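Enquirer: One letter stands for each residue in the lines below.
There are 2 protein chains.
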Amino acid sequence: MTGSARMSRRRLLGAAGAGAAAVGVGAAAGVLADRTLGPDPVANAAESAAPVPFHGERQAGIVTLAQDRMHFVALDVRTSSREELVGLLKDWTLAAERMTRGLEAVDEGAVGGPRAAAPKDTGEALDLSASALTVTIGFGPSLFDDRFGLAAARPAGLTRLPRFPGDDLDPARSDGDVCVQACANDPQVAVHAIRNLVRIGFGKVAVRWSQLGFGRTSSTTRAQATPRNLFGFKDGTRNLKAEETAALDEHVWVQPGDGPDWLAGGTYLVARRIRMHIEIWDRTPLFEQEDIVGRDKGEGAPLGQVKEFDEPDLHVRGEGGVPLIPPTAHLRLASAESLGGVRILRRGYNFTDGTDGLGHLDAGLFFVCFSRDPHTQFVPMQQALSTQDKMMEYLEHTGSGLYAVPPGVREGGFWGDTLFT
Amino acid sequence: MTGSARMSRRRLLGAAGAGAAAVGVGAAAGVLADRTLGPDPVANAAESAAPVPFHGERQAGIVTLAQDRMHFVALDVRTSSREELVGLLKDWTLAAERMTRGLEAVDEGAVGGPRAAAPKDTGEALDLSASALTVTIGFGPSLFDDRFGLAAARPAGLTRLPRFPGDDLDPARSDGDVCVQACANDPQVAVHAIRNLVRIGFGKVAVRWSQLGFGRTSSTTRAQATPRNLFGFKDGTRNLKAEETAALDEHVWVQPGDGPDWLAGGTYLVARRIRMHIEIWDRTPLFEQEDIVGRDKGEGAPLGQVKEFDEPDLHVRGEGGVPLIPPTAHLRLASAESLGGVRILRRGYNFTDGTDGLGHLDAGLFFVCFSRDPHTQFVPMQQALSTQDKMMEYLEHTGSGLYAVPPGVREGGFWGDTLFT
Numbered sequence: 125m126t127g128s129a130r131m132s133r134r135r136l137l138g139a140a141g142a143g144a145a146a147v148g149v150g151a152a153a154g155v156l157a158d159r160t161l162g163p164d165p166v167a168n169a170a171e172s173a174a175p176v177p178f179h180g181e182r183q184a185g186i187v188t189l190a191q192d193r194m195h196f197v198a199l200d201v202r203t204s205s206r207e208e209l210v211g212l213l214k215d216w217t218l219a220a221e222r223m224t225r226g227l228e229a230v231d232e233g234a235v236g237g238p239r240a241a242a243p244k245d246t247g248e249a250l251d252l253s254a255s256a257l258t259v260t261i262g263f264g265p266s267l268f269d270d271r272f273g274l275a276a277a278r279p280a281g282l283t284r285l286p287r288f289p290g291d292d293l294d295p296a297r298s299d300g301d302v303c304v305q306a307c308a309n310d311p312q313v314a315v316h317a318i319r320n321l322v323r324i325g326f327g328k329v330a331v332r333w334s335q336l337g338f339g340r341t342s343s344t345t346r347a348q349a350t351p352r353n354l355f356g357f358k359d360g361t362r363n364l365k366a367e368e369t370a371a372l373d374e375h376v377w378v379q380p381g382d383g384p385d386w387l388a389g390g391t392y393l394v395a396r397r398i399r400m401h402i403e404i405w406d407r408t409p410l411f412e413q414e415d416i417v418g419r420d421k422g423e424g425a426p427l428g429q430v431k432e433f434d435e436p437d438l439h440v441r442g443e444g445g446v447p448l449i450p451p452t453a454h455l456r457l458a459s460a461e462s463l464g465g466v467r468i469l470r471r472g473y474n475f476t477d478g479t480d481g482l483g484h485l486d487a488g489l490f491f492v493c494f495s496r497d498p499h500t501q502f503v504p505m506q507q508a509l510s511t512q513d514k515m516m517e518y519l520e521h522t523g524s525g526l527y528a529v530p531p532g533v534r535e536g537g538f539w540g541d542t543l544f545t
Numbered sequence: 125m126t127g128s129a130r131m132s133r134r135r136l137l138g139a140a141g142a143g144a145a146a147v148g149v150g151a152a153a154g155v156l157a158d159r160t161l162g163p164d165p166v167a168n169a170a171e172s173a174a175p176v177p178f179h180g181e182r183q184a185g186i187v188t189l190a191q192d193r194m195h196f197v198a199l200d201v202r203t204s205s206r207e208e209l210v211g212l213l214k215d216w217t218l219a220a221e222r223m224t225r226g227l228e229a230v231d232e233g234a235v236g237g238p239r240a241a242a243p244k245d246t247g248e249a250l251d252l253s254a255s256a257l258t259v260t261i262g263f264g265p266s267l268f269d270d271r272f273g274l275a276a277a278r279p280a281g282l283t284r285l286p287r288f289p290g291d292d293l294d295p296a297r298s299d300g301d302v303c304v305q306a307c308a309n310d311p312q313v314a315v316h317a318i319r320n321l322v323r324i325g326f327g328k329v330a331v332r333w334s335q336l337g338f339g340r341t342s343s344t345t346r347a348q349a350t351p352r353n354l355f356g357f358k359d360g361t362r363n364l365k366a367e368e369t370a371a372l373d374e375h376v377w378v379q380p381g382d383g384p385d386w387l388a389g390g391t392y393l394v395a396r397r398i399r400m401h402i403e404i405w406d407r408t409p410l411f412e413q414e415d416i417v418g419r420d421k422g423e424g425a426p427l428g429q430v431k432e433f434d435e436p437d438l439h440v441r442g443e444g445g446v447p448l449i450p451p452t453a454h455l456r457l458a459s460a461e462s463l464g465g466v467r468i469l470r471r472g473y474n475f476t477d478g479t480d481g482l483g484h485l486d487a488g489l490f491f492v493c494f495s496r497d498p499h500t501q502f503v504p505m506q507q508a509l510s511t512q513d514k515m516m517e518y519l520e521h522t523g524s525g526l527y528a529v530p531p532g533v534r535e536g537g538f539w540g541d542t543l544f545t
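Chains as they are written, first to last, in the working numbering: chain A, 125 to 545; chain B, 125 to 545.
Hint data in this document are derived by calculation from the structure and do not stem from the laboratory. This one's a predicted model, so the numbers in the text were calculated from it and none came from an experiment. Ideal Cβ placement from N, Cα and C applies to all residues, glycine included. Take these hints with a grain of salt, some might be off.
[Said to hold, decoys possible] Taking lysine to aspartate or glutamate pairs in the DMTMM-like style, the calculated list, with each CA pair at most 25 Å apart, reads:
#, chain 1, residue 1, chain 2, residue 2
1, A, 431, B, 231
2, B, 328, A, 477
3, A, 514, A, 269
4, B, 514, B, 374
[Claimed, not checked] Coverage of chain A stretches by chain B, computed from C-beta distances (three or more under 8 Å per stretch; other residues unrestricted):
#, segment
5, 246-252
6, 272-279
7, 388-400
8, 405-411
9, 479-489
Build out the structure end to end from the sequences listed, making use of the hints.
Expert: Written out as structure tokens, the structure is:
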């Protein structure tokens, strides 16, 4: 796992002590008041700037230690030539691999080419580090229509998600032939990556929608502390972790025999733009917030337990025999216990996109998850949540996409080579 | 200057060497390939997380070392009671000061109050550091109408900006009675600050518009390297710097006698949301880009010079007597030399707000500048740029605001106390 050895530069609560002590600046900062510096500002700054290997059995950006920022784009393919599309995927692969090493997208780059030509890199990341950039590609159901001869290769799981109760999906924030997820610890590095891929695809693809995420809402390894979403709660405590390799094989990675060979070793990406009505949430009493989530807000412990990582007990009852974790609690409904063992790998980000024109912030969670079969994992989970989760009163799903994520690229290969060759 | 001793955790090019060497992690990282780690990933991580003092002669967030991220909001005041407005400004001041120390917005906070009540802090910054948060307030011209008895206190400079050629302003991204600029090195800390101030103002103010900026486009001290904008060029090389105290008095801080006493020691904030047509720019030849900017793209040196901080020579001519810095170059038109000595303090951010619905990223520069008199500084500058700057072909001003920024708050005072008492 490329990311498992890395830690974020922020939020390292428990894990941070030793790292901080080893660095002089951390000790000096100790004279400042409690909490002003947060958990560990200096730990692993070098690691958060370092490159993440691009090549490998799996694409990076899935179990890779979750970076702090994200730029996600969905694209419509405009060319109808399979050859052009394959050429683009090859060009993209080279560029993505270079950028993850901290290089410019293309040789000669922003300033090294002839002055009479447009520069081959847009230049805004010239002075920036690799920032743990990962670039991950997925293919939407619409790519498998009759344009490129891919209809027979469409995996059975790659069909549009059903409409869920309460969905308020904007077509302009949904679907797309191809998606690219860029994650990095510096947002400018993630934006640069997406922009340069879009640029390389000029005339062949067009941006359908894109989403910037400013703060991660999931941990993907045990070394990483659990971040908070915009409801102020720790999010993703029970997330699948990079260390759980057997569980990843069971719940995330498409296995040989699951469907067409080309997707074996890959996965599916579900994206949901979830507007959170934070103003209404913020007027909800603390006990009600905690009942809705199923955890206490400070520590993040399951109700009835003490520590964040204590196992939830869905059966424990309090006064009058009332379940401590209510039947409508998010934790209960999304739990493997309630869903016949279903688990997913979450990798979402908080967003704030200005305002809604009605006096409120347009803020929420850009939910991204990876699963081996979305229709038996994400779909029943979201069905349960959309019909029973009390949190739904505060949520509005405004965008949606499903994409098949091909396996990793070997040296000399290209994104999707198992599909196209 | 609270910020002058601080440096960013990224982009420290020249200044970084010594700092990195002093920290063990930096040395260890040296084994990695050139450029992969960027300038100096570990320098001053502690400082970028540390608090910036809130109280002082000036508001923080102006000459304070530019943080990496920003959340800006413009608000409409909904109450017509002057007393309620003053009460809100007092509550805001307490909350802003607490948050800049890394504390929750209000005592008892997210989890310390009665469980039957809504929490007093929204909680998403609970585990985060102070992140050099600054919160800066400004008052728009519309606040000085007849609602609050402020008409006579309106400074002469606080009138809406004139319409400039090429303006395509969206009223839903312009103006507002009050603005609040939150800058921090962690975007979640900046968003948390704005959200909690909005929440405290519930029923008294409503969000008119807001803007997230992901990457700073200005340096405010000599210790800080010049960042790049989304045209890929270094931006703000000739910016006013915190060290130039006499120039700040001349160009930024409102002086006694300039207008009403309450604004002495304050300044004016101009905000312009500038959409950049990056796709068109990216197809422009390098020499043309450099002629438009007036600098070379790699080093950022003025055309005809060698190093970024070399003084531009606006008169030097090349072959055939053609000026090396063209008459239509941004550098020339925005220079103090061309504007009768006018200078401003820039403090803007790059943004990417999804897409424009036409296949392009909706990206650009959220321009923020501070000046002593916008009508004799920003206005003539923008007049020159909007009529002669070749860069205007690639720009679209889509939002605009002008605000009077009161002086700093002394211990026990509140935002705007010189205006309201």
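Enquirer: Next, verify each hint and record whether it holds.
Expert: Taking the hints in turn, this is what the structure says about them:
1. The straight-line distance between the Cα atoms of residue 431 of chain A and residue 231 of chain B is roughly 24 Å, inside the 25 Å bound, and the hint therefore holds.
2. Note on residue 328 of chain B and residue 477 of chain A: the hinted pairing holds, with a Cα-Cα distance of about 23 Å set against a maximum of 25 Å.
3. Proximity of residue 514 of chain A to residue 269 of chain A is assessed by CA-CA distance (about 38 Å); at most 25 Å being required, the pair is judged violated.
4. Annotation: proposed proximity of residue 514 of chain B to residue 374 of chain B is violated, straight-line Cα distance about 29 Å (limit 25 Å).
5. For a cut-off of 8 Å, the count of residues in the segment 246-252 of chain A with a CB near a CB of chain B stands at 7, and the three-residue condition holds.
6. Remark: the segment 272-279 of chain A is not confirmed as covered by chain B, as 0 of its residues place a Cβ nearer than 8 Å to a Cβ of that chain, below the required three.
7. Note: the segment 388-400 of chain A has 0 residues with beta-carbon separation from chain B under 8 Å; the three-residue rule is not met and the coverage is violated.
8. As drawn, the segment 405-411 of chain A meets chain B at 6 residues by the rule of a beta-carbon pair under 8 Å; at three or more, the given contact holds.
9. With 6 residues bearing a CB less than 8 Å from a CB of chain B, the segment 479-489 of chain A meets the requirement of three and the coverage assertion stands.
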